[in-house]
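With the hints as extra help, turn the sequences into a complete structure.
There are 2 protein chains.
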Amino acid sequence: MNNVISADANAVCVPAIAPAARPGDRLDQVDTPSLVLDLDAFEENLRTMQVLAERHGVALRPHAKAHRCPDIALRQIALGAQGVCCQKVTEAACFVSAGVRDIHISNEIVGPAKLDLLARLAAHANITVCVDNLRALHGLSEALVRHNSTVGVLVELDIGQKRCGVQTPQEAIALAQAVQQLPQVRFDGIQAYHGGIQHKRAHDRRREAAEKAARRIRRYLDALAGAGLDCRVVTGGGTGTAMFDVATGVYTEIQPGSYAFMDNDYGRLDWGDALEFRHSLFLLGTVMSTPTPQRAVVDLGLKSTSAESGAPRVFGMPHVTCVAIHDEHTMLELKEGADRLALGSQVRLIPGHCDPTFNLHDEVVAFRGRTVEAVWPISARGLSR
Amino acid sequence: MNNVISADANAVCVPAIAPAARPGDRLDQVDTPSLVLDLDAFEENLRTMQVLAERHGVALRPHAKAHRCPDIALRQIALGAQGVCCQKVTEAACFVSAGVRDIHISNEIVGPAKLDLLARLAAHANITVCVDNLRALHGLSEALVRHNSTVGVLVELDIGQKRCGVQTPQEAIALAQAVQQLPQVRFDGIQAYHGGIQHKRAHDRRREAAEKAARRIRRYLDALAGAGLDCRVVTGGGTGTAMFDVATGVYTEIQPGSYAFMDNDYGRLDWGDALEFRHSLFLLGTVMSTPTPQRAVVDLGLKSTSAESGAPRVFGMPHVTCVAIHDEHTMLELKEGADRLALGSQVRLIPGHCDPTFNLHDEVVAFRGRTVEAVWPISARGLSR
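Residue numbers (our numbering), protein chains in the order written: chain A, 1 to 385; chain B, 1 to 385.
Treat each hint with caution, since some may be false.
To be clear about the criterion: a stretch of chain B counts as covered by chain A if any three or more of its residues have a C-beta under 8 angstroms from a C-beta of chain A, and this derived list gives those stretches [claimed, not checked]: (1) 15-26; (2) 103-117; (3) 162-173; (4) 205-216; (5) 328-335; (6) 356-362.
Calculated directly from the structure, the hints in this document are not laboratory data.
Glycine included, every Cβ here is placed at the ideal spot set by N, Cα and C.
The following block contains the structure:
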């Protein structure tokens, strides 16, 4: 194979590609596929969760992994959020660069390049990070010593998700004591997140699961206290259980992410009448083919919305169902007798799962009513190291 | 909400994020998650498909939607490919900028911004595009008149996929005749792609389905010929059916994409002993947590690999199974008695579906043996308009 073949990485597209949207545009002028955010619904969701947390004296630290968008994080913080959570060090670097100064990396960080970046980041912001392994903790401390920076450490507990985290109170105590003995790391407390219960549909089953998780956390806290280990921070909880988590008394902080957007996965839950979030995030698509009266094909697919939890849902058109999603197409089926969708008309879809959907887009088009108000870069898109 | 809040879109990450890999690095030094390409397997796959097409006198026009990477397209063309297919106009613009001069947009293009870009692109490269609707055809011709450029038009047939495409030979004839009457559009032939049969697992059932599709195309070709409409181009076929498509005698050109990479979806097919492709594309991950002897957690998830067709498959470790994938984690389960995976060790995963997986990454790390040979930008990532 010819080694001289090489595409120019810095080539600018000829001809240039026009932006999908500009502030002041009408929403129906936005080119598609685009990810769009209804600011009225979004702002209401932010306030709803902030008020819930404050009413219970619990800090709100929204998970920025949901959106990877600094403009959104800054708005969450302006309303009273403590800072944000990130899941990755490179993601955190992006938010620090955008001016966020308090970041919890709610994940285990392993590997020399990542530890090096983490230690350098800690010179620019208040950083906490999770640990569930003694060897990993030693690596973290050594990297921090090399860069003369400090982070807070939260011992992660596995309270039923069966992902990361220590398995017993004894392990938690041993790790916390090791943190206290190592340089440049500070024992701040614990993280206990149970993703598996966030999507239990029934309101009561979700509440029971959240309360059971809280009882497990309590047992860990008692064991740690018995060993003289005080947890300044107990962080966990998500959008599905936040309304129950805040009332358990075990958390000092909750870390929901999806509440700001309410994707289709969360939209399917039974919310009782306790807490209401609105769908604020949509995919805007255009009808590109109408081969039969009952069939319409929309110009977006798996490269614009993640579908591991199912196809997106059509918004505001009760007679239209999304029946399949391909790489670049979404297939809609119309009820018999319904008016054919017009070629070139716009369709709004609710994404199944907001986190990986945001990560497919370079920007989100923020609108109010029928007008584009801003176009926000999703600056941490693709930053998964 | 405070309107002055604004993240700096041009902010550079402070501190800077180091590249994941550099040419000359050992593969086990590459930071993770990374998308990596085994060049020996990749080049063999390219040759296998090129030889198949040439032996049957059929042109090969690989689908660039599979990789969105100009460096890969240029290698396919250097080996004899006719050009590439794209699915989107912005994607095509990227490949034109990288030096590709013959592009078939295998999709319907609707909307003023897209038609404007398409018409401007046609001044820089030989472009063909699909049409399945008379109104859309008029819009295309008008945009081309405005820019004084020309494209070839392929009438798309729905031969069973039930996506885009005309439904009857009469519709095909009417559209083709309209193309002949409108300015700046040239009738070049037909596109007939049946994605639904590409993944039929059994070799014989896939062959029968491909032959049935070819018979449908033949009926369309006969009807068009009866109306005096000659099809210079008959394009279609994919990785799953290419071996059968080339022998049917109806296609002048095949447009497979995944053959170069052989993802897990295609790897599951029964290939008989007729055609062999090797897995060349992998996700490189790091074991970031080993909370129990049987459990290992890898530092990549839905933001690094698409999973709508299932979790990725572990490569080269028969005792390890991928049991779940979350946003940023992949859960591995070890057979009882197997050695625990070492924290910090690398794992290679075969992605379920290559097209949307490429679209999650900014670059692909090309390696040979144990050494990184190049890092290729996936320049058309995210270009879905």
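Given coverage of the segment 103-117 of chain B by chain A, checked by CB-CB distance under 8 angstroms (3 or more): With 9 residues closer than 8 angstroms to chain A, the segment 103-117 of chain B meets the three-residue bar; holds.
Given coverage of the segment 328-335 of chain B by chain A, checked by CB-CB distance under 8 angstroms (3 or more): holds (count 3)
Coverage claim, chain A over the segment 356-362 of chain B, checked by counting residues with Cβ within 8 angstroms (three needed): holds (count 5)
Given coverage of the segment 15-26 of chain B by chain A, tested with a Cβ cutoff of 8 angstroms and a minimum of 3 residues: holds (count 4)
Chain A over the segment 205-216 of chain B, status - at least 3 residues with CB closer than 8 angstroms: With 0 residues in contact (Cβ-Cβ under 8 angstroms with chain A), the coverage given for the segment 205-216 of chain B is violated.
Cβ contact check, 8 angstroms cutoff: the segment 162-173 of chain B against chain A, three residues minimum: holds (count 6)
Violated hint for the displayed structure: number 4, the only one.
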